[in-house]
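Q: Sequence:
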Amino acid sequence: MTFAENDATVKQEHKKSAETPAHAQSQCATDARKQFADRMKLVCPAGSLLALTAAVDNGADDVYMGIRDETNARNFAGLNFDEKSMREGIRYAHAHGVRVLLALNTYPQPATWQKWQRAVDLAVDYAVDAIIVADMGLMQYAANKYPQLRLHLSVQGSATNYEAINFVHQRFGVTRAVLPRVLSIQQIAQVIAHTPVEIEAFGFGSLSIMVEGRCALSSYATGESPNTHGGCSPAKAVRWEQKPDVLDSRLGAVLIDRFHAGERPGYPTLCRGRFKVNDNTYYAFEEPTSLNTLELLPALQDMGVKAIKIEGRQRSPGYVASVTRVWREALDACESQPGAYRVLPAWQAALSRVAEGHQCTLGAYHRAWK
Numbered sequence: 001m002t003f004a005e006n007d008a009t010v011k012q013e014h015k016k017s018a019e020t021p022a023h024a025q026s027q028c029a030t031d032a033r034k035q036f037a038d039r040m041k042l043v044c045p046a047g048s049l050l051a052l053t054a055a056v057d058n059g060a061d062d063v064y065m066g067i068r069d070e071t072n073a074r075n076f077a078g079l080n081f082d083e084k085s086m087r088e089g090i091r092y093a094h095a096h097g098v099r100v101l102l103a104l105n106t107y108p109q110p111a112t113w114q115k116w117q118r119a120v121d122l123a124v125d126y127a128v129d130a131i132i133v134a135d136m137g138l139m140q141y142a143a144n145k146y147p148q149l150r151l152h153l154s155v156q157g158s159a160t161n162y163e164a165i166n167f168v169h170q171r172f173g174v175t176r177a178v179l180p181r182v183l184s185i186q187q188i189a190q191v192i193a194h195t196p197v198e199i200e201a202f203g204f205g206s207l208s209i210m211v212e213g214r215c216a217l218s219s220y221a222t223g224e225s226p227n228t229h230g231g232c233s234p235a236k237a238v239r240w241e242q243k244p245d246v247l248d249s250r251l252g253a254v255l256i257d258r259f260h261a262g263e264r265p266g267y268p269t270l271c272r273g274r275f276k277v278n279d280n281t282y283y284a285f286e287e288p289t290s291l292n293t294l295e296l297l298p299a300l301q302d303m304g305v306k307a308i309k310i311e312g313r314q315r316s317p318g319y320v321a322s323v324t325r326v327w328r329e330a331l332d333a334c335e336s337q338p339g340a341y342r343v344l345p346a347w348q349a350a351l352s353r354v355a356e357g358h359q360c361t362l363g364a365y366h367r368a369w370k
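Counted from 1, the sequence shown has number 22 at position 22 by my numbering; the numbering is strictly sequential.
Please keep in mind that the hints were generated in silico from the structure rather than gathered at the bench. Bear in mind that the values here come from a model prediction, so they are computed numbers and not experimental data. Cβ atoms here follow ideal geometry from the backbone N, Cα and C, with glycine treated the same way. Wrong hints could be hidden among the right ones.
What the hints assert, rightly or not - Simulated crosslink set (DSS-like; lysine-lysine; CA at most 27 Å straight-line):
(1) K115 x K236
(2) K145 x K84
(3) K276 x K236
(4) K276 x K243
(5) K115 x K84
(6) K145 x K115
What the hints assert, rightly or not - The calculated label-pair distances, taken between Cβ atoms and stated as ranges, are:
(7) A350 x P298: 30 to 40 Å
(8) A253 x H96: 27 to 37 Å
(9) Q337 x A253: 47 to 57 Å
(10) T112 x E329: 37 to 47 Å
(11) S85 x P265: 21 to 31 Å
(12) D302 x A253: 43 to 53 Å
(13) P110 x S336: 46 to 56 Å
(14) Q186 x G318: 31 to 41 Å
(15) T281 x P147: 48 to 58 Å
Build the full structure now, drawing on both the sequences and the hints.
A: Okay, here's the thing in structure tokens:
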């Protein structure tokens, strides 16, 4: 199964009436492939086998997964895939015409670099459609040993300009790049205009105040970098302290938040903690909110964005199903009638229910001061 020819639309064209002349069948199949190749792909998270099936069943074009270790940037207990579930998930996705992307998006360390190489080998053995990579050494290994394997530049690679993207394209054959969530929509258009590499942009999910791929807050509190160990705010560093009137959450020795009766405790991450600054306690770094770019779909489509990424491998299968369903409907509506496209209130309501803090933002895409 290849990247270009496993879409259900193409398969349906081949199943049309046998009475159709052979040259007409060939033209129909060619048109279907072109239509699929030109449309924006929906790339959805798969933190578990249940989440993967939810994404596939609700309209994902691509799903991205990780192995159950530090080779991926969502290395949490209960998430990701062992070899058995990985094989089963890939089989299910491919049977439904959905491509599988394996996230190997952390940075190998000298003592354990072989683990990342084995992960690349496993991706090829299991017929993964592409790997998502940040480290150039790992790109070099994959490009040299498996030149047929598609390489996607991870957002962890932090490539915010077309020069960086063109460099990894020329040196390692990278075919798609995931842009960091720090660019305005005008800057995205500029990148697309100057690179042959497919551009994937985030459409919905968690944000971060840090430069992607260079988060230091969790490392400061726990001694482990999420860029090398794969886990922001690792569970082993989390502490909950129940006091008579409040519940304290800590990451290492750092007090992250204090919850009073009736408040719903959140998982302690430094960037979303509430801190006392000049006698005021508030979200000093970042208020919990989710990126939501539904209203920008026509603009993203017009400028040539090739894929929309949904964040959330750490979220539940229910989250994946709900968000995938909304974005499938929105992408289909934008593609079929771009001039008449509008964001339905039902879509926004569904996304707000699963958004962090139950609120959404356009993030860096929209900068009102410019």
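Q: State for each hint whether it applies.
A: We went through each hint and held it up to the structure:
1. K115 x K236: The hint holds at about 22 Å.
2. K145 x K84: Cα-Cα ~24 Å, so holds.
3. K276 x K236: Cα-Cα ~25 Å, so holds.
4. K276 x K243: Cα-Cα ~19 Å, so holds.
5. K115 x K84: 18 Å, holds
6. K145 x K115: Judged against 27 Å, a Cα distance of about 16 Å means the pair holds.
7. A350 x P298: 30 to 40 Å: Check failed, 20 Å falls outside 30 to 40 Å.
8. A253 x H96: 27 to 37 Å: Violated, at about 47 Å.
9. Q337 x A253: 47 to 57 Å: At roughly 55 Å between Cβ atoms, A253 and Q337 fall inside 47 to 57 Å, so the hint holds.
10. T112 x E329: 37 to 47 Å: 43 Å, holds
11. S85 x P265: 21 to 31 Å: 30 Å, holds
12. D302 x A253: 43 to 53 Å: Since D302 and A253 have Cβ atoms about 50 Å apart, the given range 43 to 53 Å holds.
13. P110 x S336: 46 to 56 Å: For S336 against P110, whose Cβ atoms are near 52 Å apart, the range 46 to 56 Å holds.
14. Q186 x G318: 31 to 41 Å: 36 Å, holds
15. T281 x P147: 48 to 58 Å: 55 Å, holds
The structure fails hints 7, 8 (numbered hints given earlier, in ascending order).
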